[in-house]
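4 protein chains.
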Amino acid sequence: MNSFGTIFRLTSFGESHGKGVGGVIDGMPAGVEIDMDFIQKELNRRRPGQSSIVTPRKEGDKVEFLSGIFNGYSTGTPIGFVVYNENQHSSDYDNLREAYRPSHADYTYQQKYGYRDHRGGGRSSARETIARCVAGALAKLALRKLSVDIRAFTSQVGPIKLPKDYTHYDLNKIESNIVRCPDADTAEKMIELIADVKSEGDTIGGVITCVIKNVPVGLGDPVFNKLHADLGNAMLSINAVKGFEYGMGFDGVQYRGSEMNDVFIKKDGKVSTMTNHSGGIQGGISNGEDIYFRVAFKPIATILRDIRTLDYAGNEINLKAKGRHDPCVLPRAVPIVESMAAMVILDHYLLNKTRHMD
Amino acid sequence: MNSFGTIFRLTSFGESHGKGVGGVIDGMPAGVEIDMDFIQKELNRRRPGQSSIVTPRKEGDKVEFLSGIFNGYSTGTPIGFVVYNENQHSSDYDNLREAYRPSHADYTYQQKYGYRDHRGGGRSSARETIARCVAGALAKLALRKLSVDIRAFTSQVGPIKLPKDYTHYDLNKIESNIVRCPDADTAEKMIELIADVKSEGDTIGGVITCVIKNVPVGLGDPVFNKLHADLGNAMLSINAVKGFEYGMGFDGVQYRGSEMNDVFIKKDGKVSTMTNHSGGIQGGISNGEDIYFRVAFKPIATILRDIRTLDYAGNEINLKAKGRHDPCVLPRAVPIVESMAAMVILDHYLLNKTRHMD
Amino acid sequence: MNSFGTIFRLTSFGESHGKGVGGVIDGMPAGVEIDMDFIQKELNRRRPGQSSIVTPRKEGDKVEFLSGIFNGYSTGTPIGFVVYNENQHSSDYDNLREAYRPSHADYTYQQKYGYRDHRGGGRSSARETIARCVAGALAKLALRKLSVDIRAFTSQVGPIKLPKDYTHYDLNKIESNIVRCPDADTAEKMIELIADVKSEGDTIGGVITCVIKNVPVGLGDPVFNKLHADLGNAMLSINAVKGFEYGMGFDGVQYRGSEMNDVFIKKDGKVSTMTNHSGGIQGGISNGEDIYFRVAFKPIATILRDIRTLDYAGNEINLKAKGRHDPCVLPRAVPIVESMAAMVILDHYLLNKTRHMD
Amino acid sequence: MNSFGTIFRLTSFGESHGKGVGGVIDGMPAGVEIDMDFIQKELNRRRPGQSSIVTPRKEGDKVEFLSGIFNGYSTGTPIGFVVYNENQHSSDYDNLREAYRPSHADYTYQQKYGYRDHRGGGRSSARETIARCVAGALAKLALRKLSVDIRAFTSQVGPIKLPKDYTHYDLNKIESNIVRCPDADTAEKMIELIADVKSEGDTIGGVITCVIKNVPVGLGDPVFNKLHADLGNAMLSINAVKGFEYGMGFDGVQYRGSEMNDVFIKKDGKVSTMTNHSGGIQGGISNGEDIYFRVAFKPIATILRDIRTLDYAGNEINLKAKGRHDPCVLPRAVPIVESMAAMVILDHYLLNKTRHMD
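Residue numbers (the numbering used here), protein chains in the order written: chain A, 2 to 359; chain B, 2 to 359; chain C, 2 to 359; chain D, 2 to 359.
Rather than coming from a laboratory, the hints here were simulated on the basis of the structure. Values in this document were obtained by computation on a predicted structure and should not be read as measured data. Take these hints with a grain of salt, some might be off.
[Stated by the list, open to error] Restricting the straight-line Cα-Cα distance to at most 25 Å, the calculated cross-link-like pairs of lysine-lysine (PhoX-like) are: (1) K20/A <-> K20/C; (2) K354/B <-> K354/C; (3) K20/D <-> K63/B; (4) K354/C <-> K146/B; (5) K354/A <-> K146/D; (6) K20/B <-> K63/D; (7) K20/A <-> K42/C; (8) K165/B <-> K190/B; (9) K354/D <-> K354/A; (10) K42/B <-> K20/D.
[To be verified] Some chain A residues flagged as far from chain C (calculated, every beta-carbon gap over 10 Å): (11) R46; (12) S148; (13) D184; (14) S259.
Glycine residues also receive a C-beta, built at the ideal position from the N, C-alpha and C atoms.
Make a model of the complete structure from these sequences and hints.
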């Protein structure tokens with residue numbers, strides 16, 4: 002289905018070349034102050050054309066709220082919103098009417114629905130992330146009461162990685178460069194690489210790391226709605242994502258249990274753990290420590306080169322892709338990762354209130 | 002919630018030291034032949050005590066079906082089933098009544114529910130995987146009609162990895178050794194390592210790879226129920242899982258888009274792709290190629306050594322863990338991974354039937 | 002939650018005095034021809050100001066589809082739509098800011114959300130039925146393939162009832178008068194009564210009967226999604242509805258079982274029943290006979306008279322209601338009843354496709 | 002699907018002639034004292050064979066809890082339970098293997114699943130109400146904290162009705178006679194009628210009224226989860242139910258709005274209403290007044306007479322029904338109505354906790 006969440010739920014709609022994208026947010030708690038500037042800022046963070054390394058399409062995304070907000074506060078009723086599509090060049094896509102773009106969803110769409118809107122990426126395009134951003138911004142506003150702090154940043158582009166883990170960097174530096182990497186040196190190398198890739202008409206992938214601090218203890222259901230499973234589900238639903246890991250992840254499997262245990266200690270009079278290999282979640286439930294996870298993004302499939310593919314009749318053809326594209330989606334995906342994380346945390350916070358009678 | 006799936010749905014219950022575990026399977030298609038031997042075999046595959054390298058608890062899991070099956074066929078009505086718990090040593094756990102075991106769910110449980118059943122791992126123990134196995138077996142029976150072929154195997158234990166990708170091995174060899182690795186040499190090294198770890202009273206993690214062949218084209222919803230997102234959600238819900246990746250995964254992010262595209266070609270008169278970096282899923286929808294993914298398992302937290310921890314009053318104490326445990330859960334987790342995969346594929350197959358009117 | 006349906010699902014938003022109302026329809030089958038004129042006509046049927054007996058507000062509801070439709074056919078992706086609110090007189094409601102209108106949702110809203118949008122009826126107003134109408138129209142379009150025929154009509158206004166059951170009337174006559182009653186004589190009496198009530202500044206209720214023909218056999222789940230339970234749930238969700246009954250309903254409880262059985266016979270070579278006290282549903286599942294049910298509507302609460310009530314501080318005050326209102330909502334509710342019925346039938350039709358593997 | 006509820010959710014399984022019936026209850030709040038005697042008593046209330054007017058099958062329903070309860074309190078994890086079937090005479094049903102019983106679900110079942118378990122009523126039999134009773138009992142235990150008081154009683158059997166509304170009777174008298182009617186005189190007439198009907202081998206229907214006091218204000222969602230819509234859905238899901246109405250129901254439609262308004266007044270310093278035609282729910286949300294509703298039960302279809310029907314080949318045959326049956330299900334259905342009401346109120350109470358952040 003096209004909904005995400007249990008209590009705090011987003012139902013989105015819209016294709017890149019339809020009239021607009023938008024959604025309905027159900028379960029927004031009542032009485033939350035709606036900071037419109039904040040929401041617009043969050044939307045702008047995902048906007049292309051911010052710099053030289055992302056796509057030159059200058060989208061002017063302005064969100065229009067149709068319900069659920071009155072006198073600057075959420076009413077608790079569903080929030081409907083729309084962002085109208087401007088600045089789409091449908092003609093860029095005319096030679097694609099009868100062809101499948103490799104690694105795109107074209108073929109699978111055609112098979113699934115027997116009917117495909119060939120314009121742009123359709124429902125699988127990046128524009129549907131607008132709805133996620135709006136919902137994520139509203140979730141962040143609700144979470145202000147809890148001082149939950151969500152920070153995502155680019156930790157790897159191609160082979161270039163941040164040398165240390167997040168605890169070694171000042172996360173307030175994330176927005177100080179266009180790749181959203183908290184280390185200036187690494188950022189510089191990343192920017193250079195992306196520029197090279199762009200000039201070659203190619204694309205490159207990477208990894209986004211996300212850290213969530215001050216999560217209340219006890220969020221998550223122990224079996225099928227484990228907090229990290231919902232976070233993983235959320236991240237894997239983002240376009241171009243190929244992997245998710247939290248805590249010590251794939252790297253940690255080579256170690257012994259004795260090396261990986263997080264021993265309980267007292268810190269400032271509270272229960273805490275000495276290390277945090279778990280990534281803030283044990284048995285699927287948050288334990289109060291930082292939650293941190295990594296999301297792998299593949300290099301996106303549209304490239305500005307000629308490619309060989311098949312048309313609908315199954316004949317091999319040469320296809321020259323047009324359109325305007327990102328050499329690297331990572332910087333734009335950073336706010337999406339935060340949005341999804343905010344939605345999951347808020348949803349679990351609300352769900353957790355149903356655990357007791359009082 | 003404690004349910005998994007949309008149409009084909011499992012609702013499970015049971016703790017390791019309660020009377021029994023079980024569940025209700027809703028949405029099982031009617032008229033599927035129920036091969037009881039097959040179900041029992043699948044259950045046995047997860048059973049500990051099979052060999053020297055897994056836990057010595059000899060559980061005799063026999064599943065009792067209470068409804069939904071008549072004259073050897075599914076009726077289409079809910080299937081209720083129970084597996085009674087035998088062979089649990091509650092006294093092994095008596096010294097844990099007031100203590101938190103590190104990296105266990107004890108602390109988080111207590112915080113969440115304000116009330117904890119201290120016996121064994123409670124709801125987070127491995128015994129709740131019984132319900133998943135039963136549901137997975139039923140899903141596999143339903144999928145027989147489609148010739149969907151699901152194979153999982155251990156591809157890494159600690160630092161020991163299979164040297165090549167799955168296409169280089171005969172997957173029929175998986176069951177020929179106790180670690181369930183399709184390469185005899187690698188299997189031998191894995192077994193040796195696990196034995197060492199066991200003798201040290203420690204634990205070790207690893208990676209399970211899963212391959213799904215003959216998946217119908219078109220399964221998955223393009224935005225929030227992407228096929229790989231549901232597979233990831235399923236795998237991350239398994240105990241001890243710390244990461245999920247599909248297709249080229251985390252490794253593929255360092256490459257260029259031009260190196261990663263799966264070009265469409267004709268193979269045996271059908272649309273196919275020349276490479277399969279995508280892992281059989283594009284835009285969240287299956288394209289007919291093999292689906293392959295990897296699941297990272299951390300070394301489990303219970304170790305047969307003294308550990309330092311806190312008790313409920315927050316005092317530091319020394320805890321000697323007792324009980325009987327696995328040095329490595331990978332071999333037992335292989336059938337769980339297959340079960341979850343089967344449930345997801347069947348669920349999406351059924352959901353996909355609702356896309357058109359006819 | 003603010004969604005209706007399982008597979009074919011409507012998530013709606015919008016208050017009467019917000020910017021607009023609308024919704025997202027998920028699960029619309031792909032490839033259905035979208036007849037825009039039909040949709041607009043269905044919307045117009047609910048529009049006030051059609052005649053002298055309904056409210057004089059002249060709403061110009063024009064629906065704008067933002068996604069999910071391409072080249073005149075449904076794509077299978079979510080359909081987002083908006084209808085902007087015009088013609089609302091907010092000042093009509095200014096004296097209500099601090100007062101509770103009797104039998105209105107004002108008090109309960111305030112208690113629930115701690116925050117109330119006092120303008121109009123908020124989320125509980127009749128304008129939210131627009132979304133239901135749009136969804137119902139789309140459902141009807143999808144159901145054209147099955148020749149399902151849904152007809153609702155006014156069978157009672159105040160004490161004035163249609164003398165016979167539906168089988169005695171020509172249902173094509175429903176739209177030939179403004180109360181939507183298939184019998185001209187009864188319609189005349191109804192119209193007269195409503196005019197009297199209107200002149201007294203009062204309101205009156207009634208009953209809408211709905212008949213659904215050509216329903217496929219086998220729709221409905223035998224325990225918790227019985228077809229009539231979902232129909233009842235749908236109808237009871239409509240504003241002002243106080244009761245639902247199907248088949249022989251409340252009236253039939255006085256009879257013996259021997260008088261009420263529907264005996265199986267052969268009719269035109271098919272299995273049929275001699276009588277149809279069941280109302281086309283047995284054990285919660287459709288049997289192919291006509292489904293018929295009745296929905297009771299109370300007289301709506303807003304009246305053009307002075308009323309005594311309390312303000313927020315709990316003081317008794319006199320309130321003179323303003324605004325423009327319906328003396329009888331029945332004629333406008335007829336298309337809503339049909340819309341909800343269409344949504345339920347389509348949802349169950351799609352759900353029923355998941356019962357078997359083929 | 003075979004689940005009921007959103008947060009507090011029951012998933013049930015079991016046919017009358019399978020091994021057993023049972024279910025899983027998810028979302029039971031943690032820390033509720035589990036009074037086993039109370040649960041068994043509630044189950045016994047639905048048991049046949051209590052008196053001369055209900056069915057002579059002496060079922061010994063003893064519920065076995067398999068999880069979710071520890072040391073007499075709910076743990077907050079899913080509660081699995083089973084009640085094994087005894088005392089079923091399968092041979093009573095052998096002549097039904099190839100025949101359809103009129104007004105039974107046989108025909109619809111066969112059409113839906115293509116496969117029918119002919120023994121007894123299958124999934125549509127009264128034994129599946131056991132799961133509802135267990136879930137209802139647990140819900141009532143949770144609701145004890147809120148002093149919610151749920152009373153159902155028989156208000157009509159055949160043409161014999163209670164002369165006045167519930168406010169005129171002492172509801173503590175409900176259990177003092179076998180029809181569960183709070184007025185001794187009316188009860189006597191009802192018992193007499195049922196005995197007559199029984200001796201004729203026939204069946205009779207009736208109406209159950211339910212009153213819920215002390216419901217917190219604010220329960221229910223204003224559009225698609227209106228409290229009365231969920232109550233109606235719950236009641237209509239019970240076997241043999243043909244109608245649901247609340248407040249003034251079908252009877253109230255003949256009155257004017259001016260006659261039906263519930264005017265707000267102050268009572269004991271609290272906001273209250275002078276009358277309660279609304280039935281405690283306005284705009285779909287509870288207002289603190291008594292909720293009262295009526296549920297219509299048809300005379301059940303199995304009768305101890307010869308009937309004419311069709312066999313699977315479509316030939317007309319004479320069928321003599323055997324088995325042992327209730328002449329009137331009303332007394333046994335009273336606790337089911339209460340159980341469903343308790344489940345709905347608890348579900349909405351828990352859901353309502355998610356409306357605000359704190």
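Okay, the hints, checked on the actual structure:
1. K20/A <-> K20/C: holds, 18 Å
2. K354/B <-> K354/C: Between K354/B and K354/C the Cα gap is close to 6 Å, so the pair holds against 25 Å.
3. K20/D <-> K63/B: holds, 16 Å
4. K354/C <-> K146/B: Answer holds: K354/C to K146/B is near 16 Å, not above 25 Å.
5. K354/A <-> K146/D: holds, 16 Å
6. K20/B <-> K63/D: holds, 16 Å
7. K20/A <-> K42/C: Given that 25 Å is the threshold and the Cα spacing comes to 22 Å, the pair holds.
8. K165/B <-> K190/B: holds, 16 Å
9. K354/D <-> K354/A: holds, 6 Å
10. K42/B <-> K20/D: Measuring from Cα to Cα gives roughly 22 Å; hence the hint holds.
11. R46: Consistent with the label, R46/A stays out of reach of chain C, its closest Cβ about 23 Å off (over 10 Å).
12. S148: holds, 22 Å
13. D184: holds, 40 Å
14. S259: holds, 46 Å
When the structure is compared with the earlier hints, no violation turns up for any of them.
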